[in-house]
Amino acid sequence: MPRQANNPRSDTTDLDQLIAAVASGSTDALERLYRLTGTGVYSFALSILKNSMDAEDVLQDCYIQIHRAAGSYKSQRKPMAWILTITKNLCYRRLRDANRAVTLAQYDRNSHLAEDQRLDAEDRLVLQGCMELLTDEERQIVVLHVVSGLKHRQIAELMDLKLSTVLSKYRRAIEKMKNHF
Amino acid sequence: MNRTERKIKKAFENATPNVLGPILSQCQQQKGAVSPMKKKSRPLTKFVNIAASLGIVALLFGIGSVAGMLLFPDNPFTPGSSLVEPEKPDGLKGSIDVPAGTTDFEGFNTLPPETLPEEYRTVFHYSYEEAKYIAHHALIEAFPWLQDISHCVISGEYAEGGTPSYIFNIDIGGHEFRISVDEATGNIADSQRLLDGQWVDCAVRFDFITKEDAFNIARGNFSREFDFSDQAIAAGLLQDVTITLDTGVYNIRILYDGIVLTMDLDVITGEILSVNLPMEKDDTISKEAAIKVAMTDAGLYEDYLNGEYQVHCKLFDYDPLPLYYVCFNVMKEDIGYVWAYVIDGIGGEIMASSRDGQYPGDYLISPGTALDRLLDRLQVGFYKVTCLKLNTDAKPYYYIRLQVDGAIYEVEIDAYTGEISNIISGGEIDPPTTIDQEQVIKDAICYTECPDDRIENLTAVLEEYDDGAVWVVRYECPNCVHQFRIHAETGICHSMSSAHKLPGICGIEKAEEIALKDAGVSIESSRFCISTNLRGLEDEPYYVVYFVLRGTEYRRTIDARTGEVLSRDEPVDTYGISEFEATIIALHTNGFTADEVDNLACTQKRFGENNEALSYVVSFSRDGYLYECWIGAGFGEILSIIRTN
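Top to bottom, those sequences are chains H and A. So in our numbering, the last spot in the first sequence is 184, and the numbers never skip. So in our numbering, the last spot in the second sequence is 696, and the numbers never skip.
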């Protein structure tokens, strides 16, 4: 499974370089980019779609999209934000195409994710809590910060929210999760 | 990253599938077909522009921190003839045993040891009072027996000549010292003791975290969320820094791009004692702003400005964020209705609203109306509402959980139309089951990161109480002892205690026993919450025992060696609205006034599976129905309405 970079901030240059290498056709670079950012992409998609199968599809589509669009990427020192914007657009498109509103009932805890052998009891508890206790915005903010490694300021830009809103929602969400454990 | 964040990160990492193969395969097929994406350019944020203009203000900061001090050019120190070891009055040698300062903590080591630009440097200087604290404590560290003497006189001067410093004359019970503290670094520059009428040098030092270190610790911690790079500082994002030393703790306040960040650090160990991201007082919107949000939403702001409305507005400083509760009466056809809003104290967003009575157009229906709609649909007799709440995150809806003859219904009702928008469940109630020992041990081990094969002395004992059973799980890791109380039916962990295994230190159980005995209480519920942690390992180890009993929170600190109770916090009462307000909210939610009901009563209770929320229970009877309304004691939200006939 892909592992998120430990320190996304210091990897900004790396990611920029990798995207440039992807643009020049390097599959090695695409593979490395996937390993560094895949978890963040999948988690963000899952936080929007609340459906592991759809999130997996978006994960796949996202890197194909990156492969296509890497040539037009201009570094603004925000490679992760660029990748997550692609992810967000793919998720919204998927929701729109299917013309479906995601409800709590659609997150079936007994389906694919719940049966995943890679997850232990605590992981399932955490994911269940994220899906059921947090609002859509709270969940996306938490995932973007904790898993994807975005700063609150970048999250505010990505989600078109005020920084103070992101901060307060983040703190509220973490508090909810803390109480859930 | 804290424990909760780590758990979330781990869960998502483990859930991520590996689809690299299909991606590479598809990319190979599509090679060459590149379609450029349209990119939306973003203007610079308003914050950056404001920050740039405020940068000038930031440059001026700190210049005044040393202004106004008395200047004494002469250094009264005379060179000492010999260096003496600290000595007790009885001739026994004293020892200087000061814990080494440390800045090792998560996240900090990833940063280079940078400092603020020159213009900020005066922030790190020490005031007279701070230097006095350092001088006094350095002396106590060097001569511990001085602690036993209560008579202490300290007078000081500021000497600008050479290296600016403070010079203190300290008289403790007739033992006279002169200590010089460097104004810029806080270090002991010189120390002398009066012996036989002669000033002689003495070994006095105080290892502590400097203000500069403290700032770097804070910056290291906050830089996970805020950019503290040179470029960011040059852009003026860092607007203000204040670091003050107060009784062994550094209070750090950083104004970053309009946001106040605060942190408290132990001055000796550098341990982070508390962190606050947005500080409520400086970042909270004003009361008028909160009223404006509420009244504008109600369409009554102009009337309010004309003095037609009396509005009750109160700020509750809640953790994690402050909330305004705005409440006012609306008269319609000679009938008064209470409208209430809960406003995010930082962002100014409406978190929840309650508008009683009949609403035109796009106004929300009341909770009582939502419940009536559901009951009309179900056509049931005896029922119990276990949860009724308004969710306003997106399209507002009421979530109602209803218990009817052994079945539970969970339903969402459109808060605009009253239509039932989603039936989540309607099944039988599962009988209570007890989690088996194997499962509860597995769960308890999950709470720590100790590998299974390194766990020793594992025990799990089932304790029975009137309201249920609880598993008490205890085990030892190589360095620590852990103890958990896990509810046998719900699996909820109500208590979590951990401590290092050190010789001569009493165990967790003993510390908890002492604390409970001191408070005059005993464990009488399966949901009893107690948390015990060992602190002060570098110096004098002590336990902090925190527990909650019948809605009251207690805290005791226990000397880990002697078992002595070192401090007792008074029971904590942190909640805001009054019984009267809770009663009004309950009555109006159901469409009544106090005159229209019988047997009206209000009591304070705990609510929720974890017993976590303090609430008011307002009960009354009307038309053959008995009403029981649970109202959040924080800002008056409706937690549950139970109506039985």
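Among the hints, erroneous ones may be present.
Unchecked claim - In the DSS-like style, the derived pairs of lysine-lysine whose C-alpha atoms are separated by at most 25 Å in a straight line are:
1) 61(A) x 91(H)
2) 181(H) x 61(A)
3) 165(H) x 568(A)
4) 179(H) x 61(A)
5) 165(H) x 343(A)
Simulated from the structure, these hints should not be mistaken for laboratory data.
Results of checking the hints against the structure:
| no. | hint | verdict |
| --- | --- | --- |
| 1 | 61(A) x 91(H) | holds, 22 Å |
| 2 | 181(H) x 61(A) | holds, 15 Å |
| 3 | 165(H) x 568(A) | violated, 49 Å |
| 4 | 179(H) x 61(A) | holds, 18 Å |
| 5 | 165(H) x 343(A) | holds, 19 Å |
In the structure shown, a violation is registered for the earlier hint numbered 3 alone.
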